[in-house]
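From just these sequences and the hints, can you work out the full model?
Listed in order, the protein sequences are those of chains A and B. The first sequence begins at 21 in our numbering and counts up by one. The second sequence begins at 76 in our numbering and counts up by one.
Don't read these hints as lab results, they were simulated from the structure. Be a bit skeptical, because a hint or two may be false.
[What the hints assert, rightly or not] Here are the simulated distance ranges between beta carbons:
no.	chain 1	residue 1	chain 2	residue 2	range
1	B	304	A	40	51 to 57 angstroms
2	A	98	B	357	37 to 43 angstroms
3	A	69	B	136	31 to 37 angstroms
[Claimed, not checked] Each computed BS3-like pair below joins lysine-lysine, with the alpha-carbon atoms no more than 30 angstroms apart:
no.	chain 1	residue 1	chain 2	residue 2
4	B	160	A	81
5	B	223	A	81
6	B	160	B	85
7	B	85	B	318
8	B	540	A	81
9	B	395	A	81
10	B	492	B	476
11	B	265	B	223
12	B	301	B	160
13	B	160	B	318
14	B	223	B	318
15	B	358	A	112
16	B	318	B	87
17	B	223	B	358
18	B	492	B	557
19	B	546	B	557
20	B	562	B	542
21	B	557	A	112
22	B	223	A	112
23	B	160	B	265
24	B	540	B	562
25	B	476	A	112
26	B	542	B	575
27	B	172	B	223
Where is the CB? At the ideal position from N, CA and C, for every residue including glycine.
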Amino acid sequence: MSIDIDTARRVAHLARIAVAEDDLPALAQQLSGILTFMEQLNEVDVSGVEPMTSVTPMRLKRRADVVTDGGYPDRILSNAPDAREGFFAVPKVVE
Amino acid sequence: MLDLAYEAPKPKVISGAKAEWELVIGLEVHAQVASNAKLFSGASTAFGAEPNSNVAFVDAAMPGMLPVINEFCVAQAVRTGLGLKAAINLVSAFDRKNYFYPDLPQGYQISQLYHPIVGEGEVIVDMGPGVARRVRIERIHLEQDAGKSIHDMDPAMSFVDLNRTGVALMEIVSRPDLRGPEEAAAYVGKLRQIMRYLGTCDGNMQNGNLRADVNVSVCRPGDYEKYRETGDHSVLGTRCEIKNMNSMRFIQQAIEYEARRQIAILEDGGSIVQETRLYDPDKGETRSMRSKEEAHDYRYFPCPDLLPLEIEQAWVDDIKASLPELPDEKKARFVNDFGLTEYDAGVLTADVDSAAYFESVAEGRDGKTAANWVINELFGRLKKDDRDITGSPVSPDQLGKIIDLITSGDISGKIAKDLFELVYVEGGDPAEIVEARGMRQVTDLSAIEVAVDEIIAQNPAQVEKAKQNPKLAGWFVGQVMKATGGKANPQAVNEIVARKLGV
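Structure representation (structure tokens):
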């Protein structure tokens with residue numbers, strides 16, 4: 021599978037990563053290379069094989085319905101570039 | 076299980092300028108799971124807390140934090156599925172739905188696209204006695220809610236509160252089986268009722284704990300039947316999705332507007348573009364949410380932080396065994412056991428608390444009388460005060476005692492209403508109030524006879540008239556009742572008046 025320049029631009033935009041127009045051809049080529057490498061896996065016949073989700077037989081860990089966390093808004097906001105009155109403040113996004 | 080027979084309602088038909096059109100509606104209902112803690116973190120789900128105080132580092136998507144599932148939320152989803160007579164999937168899995176928005180710090184929502192926990196079920200949506208729509212449920216999946224953005228606190232900035240981020244939601248997806256705005260609203264109401272019976276969602280629409288995305292398309296009469304026969308969606312019109320509505324009234328208005336918008340385009344020779352729209356209740360119209368178009372590429376993939384969710388059949392069976400009686404069964408039982416009309420049974424079972432109140436009053440008493448008192452007197456009085464049944468000043472025991480006093484002949488039905496008001500306002504034991512205030516009905520015939528004689532003696536002219544026109548006897552009955560403060564047994568008064576007047 022090959023990634024063209026338009027697809028690379030679109031993927032970058034969806035991930036909100038700024039990529040200069042000049043860098044797109046090289047990026048598209050690298051992404052294509054990665055996908056082509058991974059495509060080798062298609063050569064293996066896995067029909068009838070259950071997808072493996074864990075290398076060790078593990079059950080999804082569960083938690084009881086008890087409040088054990090939270091209550092530290094200052095720490096939650098401590099890395100925010102801008103916070104006001106307990107809220108994260110971000111550039112206006114209105115639907 | 077008892078079932079009430081019903082037939083399907085007629086689909087709503089809208090007459091356009093050129094032709095008749097029908098509506099086809101499917102809903103995605105987001106119901107907040109009633110739980111203490113969030114789906115994947117130990118932060119509280121309580122509504123109305125200080126901004127960002129119910130937030131764990133997991134919810135804020137701090138690097139390195141991992142989600143751990145809340146088992147109770149899983150049980151709640153299973154319980155909801157069982158309540159909708161749905162298949163429970165013993166293996167389900169979580170996927171990441173990727174999109175970018177400030178109130179979604181992870182940059183993805185953990186959801187269940189490929190393997191939902193609940194499969195196909197059904198809901199019977201009552202549209203009146205004997206009329207109901209059977210709506211097929213496609214699936215229910217568990218997912219995280221997003222945070223809340225507030226846009227009106229600052230002219231240049233949006234403010235973000237992550238308290239709701241990561242709270243468990245059940246997304247309940249219906250098939251396109253609803254055929255009119257009223258049906259769609261009634262469907263949301265029925266889901267809400269069932270979940271409130273189950274205790275899996277409080278159904279508070281104002282707080283956003285129950286919201287719906289509504290898919291609307293229009294087709295020509297006959298097309299929908301073709302779709303149901305063949306399962307082929309292409310015979311239906313192109314649909315538009317109206318996002319995020321949390322009011323039954325707005326759901327109806329939005330569907331009505333959207334259907335007419337689509338019909339106008341089609342009759343003008345245009346075609347419908349599949350898109351996401353927003354309803355503006357102030358303007359009463361829907362508008363396109365263009366910003367969502369590109370975001371529709373959600374790039375789903377299995378969430379690498381979570382193993383598949385495997386549950387055991389025995390655990391599901393335990394949950395099933397703990398299910399309460401659900402609204403449809405309760406309603407059918409009220410009709411069969413208490414001899415209520417389907418309408419009254421529907422009113423009483425609309426809310427689980429009302430149903431419990433009624434049953435408590437009806438126990439060991441006549442069901443119809445109990446229903447009349449609960450519906451006409453109690454509900455009417457509560458409505459006047461804008462209270463709900465849980466805030467009723469009259470307990471089931473007190474109301475039951477009032478009914479007992481009528482049954483035993485101690486008070487008349489009219490006095491019982493005064494007594495009810497006294498108990499409602501002042502409280503107290505009904506029997507004691509009757510004694511203390513001398514409200515007991517006069518059944519002593521000789522006392523009534525004396526009262527009748529007095530009225531007759533005082534009104535000779537009326538007596539002559541009544542002899543000509545026996546209908547006027549009612550006037551005497553009224554006078555006697557007035558003279559006895561309403562305490563005379565009305566039947567006895569009737570008889571004695573008739574006998575004395577010779578009519």
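Quick rundown of the hints versus the structure:
no.	hint	in the structure
1	B:304 / A:40: 51 to 57 angstroms	holds (56 angstroms)
2	A:98 / B:357: 37 to 43 angstroms	holds (39 angstroms)
3	A:69 / B:136: 31 to 37 angstroms	holds (34 angstroms)
4	B:160 / A:81	holds (28 angstroms)
5	B:223 / A:81	holds (29 angstroms)
6	B:160 / B:85	holds (25 angstroms)
7	B:85 / B:318	holds (26 angstroms)
8	B:540 / A:81	violated (90 angstroms)
9	B:395 / A:81	holds (23 angstroms)
10	B:492 / B:476	holds (13 angstroms)
11	B:265 / B:223	holds (27 angstroms)
12	B:301 / B:160	holds (26 angstroms)
13	B:160 / B:318	holds (27 angstroms)
14	B:223 / B:318	holds (15 angstroms)
15	B:358 / A:112	holds (23 angstroms)
16	B:318 / B:87	holds (22 angstroms)
17	B:223 / B:358	holds (24 angstroms)
18	B:492 / B:557	holds (16 angstroms)
19	B:546 / B:557	holds (18 angstroms)
20	B:562 / B:542	holds (26 angstroms)
21	B:557 / A:112	violated (72 angstroms)
22	B:223 / A:112	holds (13 angstroms)
23	B:160 / B:265	holds (14 angstroms)
24	B:540 / B:562	holds (26 angstroms)
25	B:476 / A:112	violated (61 angstroms)
26	B:542 / B:575	holds (11 angstroms)
27	B:172 / B:223	holds (18 angstroms)
The structure fails to meet hints 8, 21 and 25 from the earlier list, while all remaining hints are met.
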